[in-house]
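Engineer: Residue numbers (the numbering used here), protein chains in the order written: chain A, 1 to 358; chain B, 1 to 358.
Some hints here could point you the wrong way.
Claimed, not checked - Partner residues are not named here, just some residues of chain B that face chain A (Cβ under 7 Å, in silico): (1) L43; (2) T45; (3) T59; (4) A60; (5) S61; (6) V90; (7) G102; (8) D214; (9) L318; (10) G319; (11) L320; (12) R321; (13) M345; (14) G349.
Just so you know, the hints here were simulated from the structure itself, not pulled from any lab data. Quick reminder that beta carbons are idealized off the backbone N, C-alpha and C, glycines included.
Take a look at the letters that make up each chain.
There are 2 protein chains.
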Amino acid sequence: MTTRTADTGLAELVERISRPVDEGARAAARASYDAKAKPRGSLGTLEDLGTRIAAIRRTASPGRLPAAIVLAAGDHGYARGGVSAYPPEVTGQMLATFAAGGAAINVLAREAGARLLVVDAGVLEPVAHPSIRPLRIGPGTADATVGPAMSREQALEAISAGAALAEELAAEGVGVLALGDMGIGNTTAAAALCTALLPAAPDAVCGRGTGVDDDGLARKVDAVRRALAANRPDAADPVGVLAALGGFELAVLTGVCLGGAAAGCVVLLDGFPTGAAALVAARIAPAAAERMVASHRSPEPGHALVLAGLGLRPLLDLGLRLGEGSGAALALPLVGAALALLEDMATFGEAGVTDAGR
Amino acid sequence: MTTRTADTGLAELVERISRPVDEGARAAARASYDAKAKPRGSLGTLEDLGTRIAAIRRTASPGRLPAAIVLAAGDHGYARGGVSAYPPEVTGQMLATFAAGGAAINVLAREAGARLLVVDAGVLEPVAHPSIRPLRIGPGTADATVGPAMSREQALEAISAGAALAEELAAEGVGVLALGDMGIGNTTAAAALCTALLPAAPDAVCGRGTGVDDDGLARKVDAVRRALAANRPDAADPVGVLAALGGFELAVLTGVCLGGAAAGCVVLLDGFPTGAAALVAARIAPAAAERMVASHRSPEPGHALVLAGLGLRPLLDLGLRLGEGSGAALALPLVGAALALLEDMATFGEAGVTDAGR
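Make a model of the complete structure from these sequences and hints.
Structural biologist: This is the structure we're talking about:
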């Protein structure tokens, strides 16, 4: 794939990500699971998860990995077109709720023992709070149905800011970097990105998001069609696609994927918007997908297509359609369990159990 | 359905379980989720789980519920017929491993913050250890392919012991009672119970368990056919079916289901053997199924049929085929999350978020 990696800073990230994950560590972790006092492979997907993490972390014994959820919020020009059941001001209101600790993701992050880092990537009105990281690219994106959502420079600035944040967290010891999103209108932006990058038909990737009715769904499909017609994005230029159709929070999350992958983190995806951001990252640096884990599959029709495009199978399928990183937070205990089993279980030999299942 | 509830002690349990779960509490919990600062229903299955638990616990605010995993082990006459990849002595070896803390379930119970109670329901050779609860019905069951696996009195004794254990745990504050099983040969016993109770064809409910080859699978199907022919069980008499075809650990787990349901616990199932034990419980006391939650679906073909027979949809689908309560332990964080959201999330009003999604 040809990507315009000459864009500032990206080339070095892409180069670092292109280093393959460690197949030796994967094989050693598989051998370690196989030696445990249980039938081979009997922990199914959990063993696949643990061996993938070993390959990403480049060690057969990854230990326990501290987790952080980066929850990026942004507003969307699309929202002016009635594509959501909620008005745009809800993005900022939810940002304030995250800061106050009362949202679903606050509860779920606490339950999972994960750090929650809330980022203002560009909501309409800034919310001043010490717990919100201001990485504002602008006061909401422009209306992509008539022209680019943002400039190429803004897209690169957002990617760079997200990547720097991921590297900062990795330097602080974070091993699992989970993504979360908040932005009224952002499933429309995600759908538009997918139509251009997978590619896919607009009506195949537009869903009800957090709950639009039939008319709203028709407006979403129409908005995506108009955005494609107005911008004529080139799939071979993923940064250009992101600038034309994306959102500020999605662009920051693309950067978090790239920075996390470059820093050797396990990048844990959430729902459809984070999936679209990850797809952009994988189109910029294909090897980034090897560092990603899909926490869940949402009912949003585009989500299954994105995960297939990334070559990922979801851990959970619980009908979640909230976003915020909620599905990622719910999958964190599975990540923790896979690693704990690798670390703490006795082998057949240690336990004195007959290993007849070789 | 006619059941022989005149059997000692069972009638009173069945009577207690027949009290319907609390639909008022379910509706109030639903209203509580709907008032939270998130689109209605956007947490999908998690909200259904929380409202079910509210109905079972008879309160819209169940709070956090302490969990215990009852892991019952027993040996099976079936195992003498080469139906497992492992020899019978592995049951006792694993019981010792549970006591020593090195098995998968020890790790997973610790991760989930759940108490683990290991029960010897009748392994061939007893394992003396202070952490093992001896509820031995006998030194392994008889060979069900030539006659009853146990006497009716033994089946009732096992049910009674399991029910008493569940009531003891409930009295100590346990709100979620998870089931786990260990017993070489017990997926054959589970398959036999399902053929009689669902009913189903032997080859539709026999699978590879922890890993038998094609010949072993053929021997399983044959063993189930011979057990049905030798015992000619009557589905209208579930205790009789259990005695004819079951295992000691499965009979104890049937009792745990009944005692747990009677005591108002959420009964969390694990894989196929615990599902079969739960099916027996539901045939004895149909309303017991309303108190059950299916933690996961295993690749064992009978498991999906059992869950359908119980009217339950699994939370996880991770290819788990270990048993021990491992799937139940992995689902406990989802139970905890559903309850934490109900308890801790802010409402639209508290958060000052526009509730346009009514």
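Engineer: Compare the structure with each hint and give your call.
Structural biologist: Now the hints, each set against the structure:
no.	hint	in the structure
1	L43	holds, 6 Å
2	T45	holds, 4 Å
3	T59	violated, 19 Å
4	A60	violated, 17 Å
5	S61	violated, 15 Å
6	V90	holds, 6 Å
7	G102	holds, 3 Å
8	D214	violated, 15 Å
9	L318	holds, 4 Å
10	G319	holds, 3 Å
11	L320	holds, 5 Å
12	R321	holds, 5 Å
13	M345	holds, 6 Å
14	G349	violated, 11 Å
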